[in-house]
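Engineer: Single-letter residue listing:
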Amino acid sequence: MFNRLTAGLLASTMLAGTAFAETTITAVMHSGLRVLDPIITTAHITRNHAYMIYDVLVAQDSQFQPQPQMADWTTSDDGLTWTFTLREGLVFHDGAPVTAADAVASLKRWAQRDAGGQVIMDRTESLEATDDRTITWTLTEPFVPMLDVLSKQSAIPPFIMPARVAETPADEAITEYIGSGPFRFLEAEFQPGLKVVYEKFDDYVPRDEPADWMAGGKVVNVDRVEWVNMPDVQTAVNALSSGEIDYIEAMQVDLIPLLEGDPNVVVEKREPTGMQTMVRMNFLHPPFDNQQVRQAALKAITQEPVLAAMVGNPEYYQICGAVLGCGTPLESTGGSETLTEGGGQDAARALLEEAGYDGTPVVIMAPTDLVALVTQPVVVSQALREVGFNVDMQPMDWQTLVTRRASQAAPADGGWNIFITNWMVPEISNPISNPMLNGRGNDAWFGWPTDETIEALKEEFIDAADPEAQAEVAARIQDHALDNVLLVPLGQYTLPQARRTTITDMIDSPVPVFWGINKTE
Amino acid sequence: MSGYILRRCLAVIPVMLLVAVFVFLLLRLTPGDPAAIIAGDMATPAQLERIREAMGLNDPIPVQFATWIGQLMQGDLGVSLISNTPVSIMVAERIGPTISIAVLTILMSVVISVPMGVLAAWKHRSGVDYAVMTFSVLGFSVPVFVIGYLFILIFSLRLGWFPVQGFQPISAGLRPFLSSAFLPALTLSTIYVALIARMTRANMLDVLGEDYIRTARAKGAPERRVLFRHALRNAAVPILTVIGTGFALLIGGVVVTETVFNIPGLGRLTVDAILARDYPVIQAMILLTSFLYVLVNLLIDLSYSLFDPRIRY
Numbered sequence: 000m001f002n003r004l005t006a007g008l009l010a011s012t013m014l015a016g017t018a019f020a021e022t023t024i025t026a027v028m029h030s031g032l033r034v035l036d037p038i039i040t041t042a043h044i045t046r047n048h049a050y051m052i053y054d055v056l057v058a059q060d061s062q063f064q065p066q067p068q069m070a071d072w073t074t075s076d077d078g079l080t081w082t083f084t085l086r087e088g089l090v091f092h093d094g095a096p097v098t099a100a101d102a103v104a105s106l107k108r109w110a111q112r113d114a115g116g117q118v119i120m121d122r123t124e125s126l127e128a129t130d131d132r133t134i135t136w137t138l139t140e141p142f143v144p145m146l147d148v149l150s151k152q153s154a155i156p157p158f159i160m161p162a163r164v165a166e167t168p169a170d171e172a173i174t175e176y177i178g179s180g181p182f183r184f185l186e187a188e189f190q191p192g193l194k195v196v197y198e199k200f201d202d203y204v205p206r207d208e209p210a211d212w213m214a215g216g217k218v219v220n221v222d223r224v225e226w227v228n229m230p231d232v233q234t235a236v237n238a239l240s241s242g243e244i245d246y247i248e249a250m251q252v253d254l255i256p257l258l259e260g261d262p263n264v265v266v267e268k269r270e271p272t273g274m275q276t277m278v279r280m281n282f283l284h285p286p287f288d289n290q291q292v293r294q295a296a297l298k299a300i301t302q303e304p305v306l307a308a309m310v311g312n313p314e315y316y317q318i319c320g321a322v323l324g325c326g327t328p329l330e331s332t333g334g335s336e337t338l339t340e341g342g343g344q345d346a347a348r349a350l351l352e353e354a355g356y357d358g359t360p361v362v363i364m365a366p367t368d369l370v371a372l373v374t375q376p377v378v379v380s381q382a383l384r385e386v387g388f389n390v391d392m393q394p395m396d397w398q399t400l401v402t403r404r405a406s407q408a409a410p411a412d413g414g415w416n417i418f419i420t421n422w423m424v425p426e427i428s429n430p431i432s433n434p435m436l437n438g439r440g441n442d443a444w445f446g447w448p449t450d451e452t453i454e455a456l457k458e459e460f461i462d463a464a465d466p467e468a469q470a471e472v473a474a475r476i477q478d479h480a481l482d483n484v485l486l487v488p489l490g491q492y493t494l495p496q497a498r499r500t501t502i503t504d505m506i507d508s509p510v511p512v513f514w515g516i517n518k519t520e
Numbered sequence: 000m001s002g003y004i005l006r007r008c009l010a011v012i013p014v015m016l017l018v019a020v021f022v023f024l025l026l027r028l029t030p031g032d033p034a035a036i037i038a039g040d041m042a043t044p045a046q047l048e049r050i051r052e053a054m055g056l057n058d059p060i061p062v063q064f065a066t067w068i069g070q071l072m073q074g075d076l077g078v079s080l081i082s083n084t085p086v087s088i089m090v091a092e093r094i095g096p097t098i099s100i101a102v103l104t105i106l107m108s109v110v111i112s113v114p115m116g117v118l119a120a121w122k123h124r125s126g127v128d129y130a131v132m133t134f135s136v137l138g139f140s141v142p143v144f145v146i147g148y149l150f151i152l153i154f155s156l157r158l159g160w161f162p163v164q165g166f167q168p169i170s171a172g173l174r175p176f177l178s179s180a181f182l183p184a185l186t187l188s189t190i191y192v193a194l195i196a197r198m199t200r201a202n203m204l205d206v207l208g209e210d211y212i213r214t215a216r217a218k219g220a221p222e223r224r225v226l227f228r229h230a231l232r233n234a235a236v237p238i239l240t241v242i243g244t245g246f247a248l249l250i251g252g253v254v255v256t257e258t259v260f261n262i263p264g265l266g267r268l269t270v271d272a273i274l275a276r277d278y279p280v281i282q283a284m285i286l287l288t289s290f291l292y293v294l295v296n297l298l299i300d301l302s303y304s305l306f307d308p309r310i311r312y
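So the protein sequences, as listed, match chains X and U. Mapped onto numbering that gives the first Met the number 0, the consecutive letters of the first sequence carry residue numbers 0 to 520. Mapped onto numbering that gives the first Met the number 0, the consecutive letters of the second sequence carry residue numbers 0 to 312.
For the record, the hints were derived by calculation from the structure and aren't laboratory data. These numbers were taken from a predicted model, which means no experiment stands behind them. Don't be surprised by glycine CBs; every beta carbon is placed ideally from N, CA and C. Careful: at least some of the hints might be erroneous.
Ranges of calculated distance between the beta carbons of each label pair, as one might list FRET restraints [unchecked claim]:
1) X:171 - U:12: 51 to 61 angstroms
2) U:28 - X:454: 51 to 61 angstroms
3) X:406 - U:64: 18 to 28 angstroms
4) U:62 - X:406: 18 to 28 angstroms
5) X:507 - U:152: 30 to 40 angstroms
6) X:455 - U:55: 35 to 45 angstroms
7) U:71 - X:455: 49 to 59 angstroms
8) U:28 - X:218: 49 to 59 angstroms
9) U:9 - X:22: 37 to 47 angstroms
10) U:62 - X:171: 34 to 44 angstroms
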């Protein structure tokens, strides 16, 4: 009897020991997760969440090249038929196998929301599941960047969901969160804006290739990942120092000294390409309905003071005049010399005079509640004033800005002339999906340029047969975008990340991913 | 007494109705678009419009108001526009930390500040009095986030006595709860200690000059009895008012402390909802806070008669 009792106690102790050995990574991400539908939103935190629980057919590697993920592909000689074959062993978190019908429903919903998807759909004759594992996509004309669009890792990747979920109208948010990715979403533990918990999905079968950005084998080495939102980065830094959390996805550069000298913490740049910050003008109203005035504004601005005010430490910013981002395959810097090197003020004054600028006030919307957007409007306003613009910088919260930027009214009647925003470089690295390069007037992004040349250039890009030809068209797109001033690139920056030294083998990727990571005690 | 309570309870209805109308209209007149939060920065104007339509944000304002009031009548606070979570669940998750820390803060404040105020009044113009007054001015003047960071630096990072951040409910055990709630409550209580100590001192000074205090002393009553039974009880009414309104303020107005200590409370819920224009959550939070204010005021009014028998309802 006593022995049996002892054995029972021992067994329960061992069980408790096993439970205790569960590995959990506690991470503070750049914002709290609130929207759970990665197709309805382009928010980065939702995309990051989606990469945890969903998988994609084709994924991008660190060379920006598409690689097989859920599926391999073949294409017909005429380039009109694309056949994707799902690999074996794919299962949703509810135990159901992933079928081609699920993939087709997911792709159709995605294509309604994503600019690249819409371009493919404009050329689609049929998209159907020809058997349980085969997706056949037939086009009306060849579309060379097909795989680039399907594999892009930002805004919006085509995540695969069960067909019953993907049948939700594209403008309504999904209400069931089942994927086939390497982690399961624990809905019972989800607290919107506060905490989200993922558990390793034991039935996930990773690919054999090593992980490389979003491609390769997603091997999970931890049991749980918890994302905790801390709106105050100082609190997150304190928590990292004391060992209460393992990882901070983004922190302000001026907080780095607090962690320097801590032997248990590593501060590093993990995001290889970073973010682009840029100016957008309103093409509908004076003075920026005049190309020469837009060019004057571009020439008035120099990137260095903008980035110095915004980031401070030159290690974390990069002067870059490329519309499609520096460090990308289509990087080109034509027309950006004054932005990157300065000295365009005299040319700006001459252009203003030639254009007959009459002192019309330039309304610059300046958000006050987003740290990453507070300084740029101030520096840009000053640069414009110095060449003779009459600037009216109006501070407001970001929500007021997003409402007001949708208004096509004249600036004096509640409209606007300029606002500034930031993009992740990979999401603006392709002319098809870069929102600034949409020249379809009222259907374009805020600012509403009507620009037939940019639309024609994008068609040329789509038809370009190989990477060299694509790069050549991209260079012309760069020249035209800055000549017509579809945007003013203000440079690139990267926010430092920090982790405990117990966290190892993190994958360098623009999307923070939690496969591959090991945690030692 | 019961007639008075009934009248006060009935008065809550028009107050809440007015708050509801006012909040609803004010929010709809404020610029902002929850659809933009959902859709993200890359959405085109046409996509935003379709999402707005699907969310019912394009319905006429009277229709939206009628829908909301109809839901409220059935005890339904609605669903968050951003996360699709029922507002009642969001509030229920957040109210625990907020109430726990508010109660602990008020307890700590009263235990520390009332004796301090009494002592300062008793030893008027002495070193003790000046020390209490100096502390009060400091507690009032130093921003709460500075005090919070200082406490974290000393007690968490240097001494390692408390966690840097986070909250554990009482259900997780008294020790984890106190460990997580002590520093935030101590931080918040610095303001309330300063306020209540000053209030207690000022009222005690008034009362200590009264004839009945001199009479009590002349009768040979011990000083402790004079101070705490005769003087403090008569000085209690204004002190109670400060404590009550302080408690109500702690329910919705401690965003900074919640942020510094990463406490998932109602203050952060409200601010996040305002920044995202999550109308149902903002409306529910303002209604809840207004209701709490009304309730706390009623309880304070009723408690007056316990301390001052001259007050009768």
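Engineer: None of the hints should be skipped; say for each whether it holds.
Structural biologist: Results for each hint:
{"no.": "1", "hint": "X:171 - U:12: 51 to 61 angstroms", "in the structure": "violated (36 angstroms)"}
{"no.": "2", "hint": "U:28 - X:454: 51 to 61 angstroms", "in the structure": "violated (39 angstroms)"}
{"no.": "3", "hint": "X:406 - U:64: 18 to 28 angstroms", "in the structure": "holds (24 angstroms)"}
{"no.": "4", "hint": "U:62 - X:406: 18 to 28 angstroms", "in the structure": "holds (24 angstroms)"}
{"no.": "5", "hint": "X:507 - U:152: 30 to 40 angstroms", "in the structure": "holds (33 angstroms)"}
{"no.": "6", "hint": "X:455 - U:55: 35 to 45 angstroms", "in the structure": "holds (40 angstroms)"}
{"no.": "7", "hint": "U:71 - X:455: 49 to 59 angstroms", "in the structure": "holds (55 angstroms)"}
{"no.": "8", "hint": "U:28 - X:218: 49 to 59 angstroms", "in the structure": "holds (53 angstroms)"}
{"no.": "9", "hint": "U:9 - X:22: 37 to 47 angstroms", "in the structure": "violated (58 angstroms)"}
{"no.": "10", "hint": "U:62 - X:171: 34 to 44 angstroms", "in the structure": "violated (19 angstroms)"}
When each numbered hint is compared with the structure, violations occur for hints 1, 2, 9, 10.
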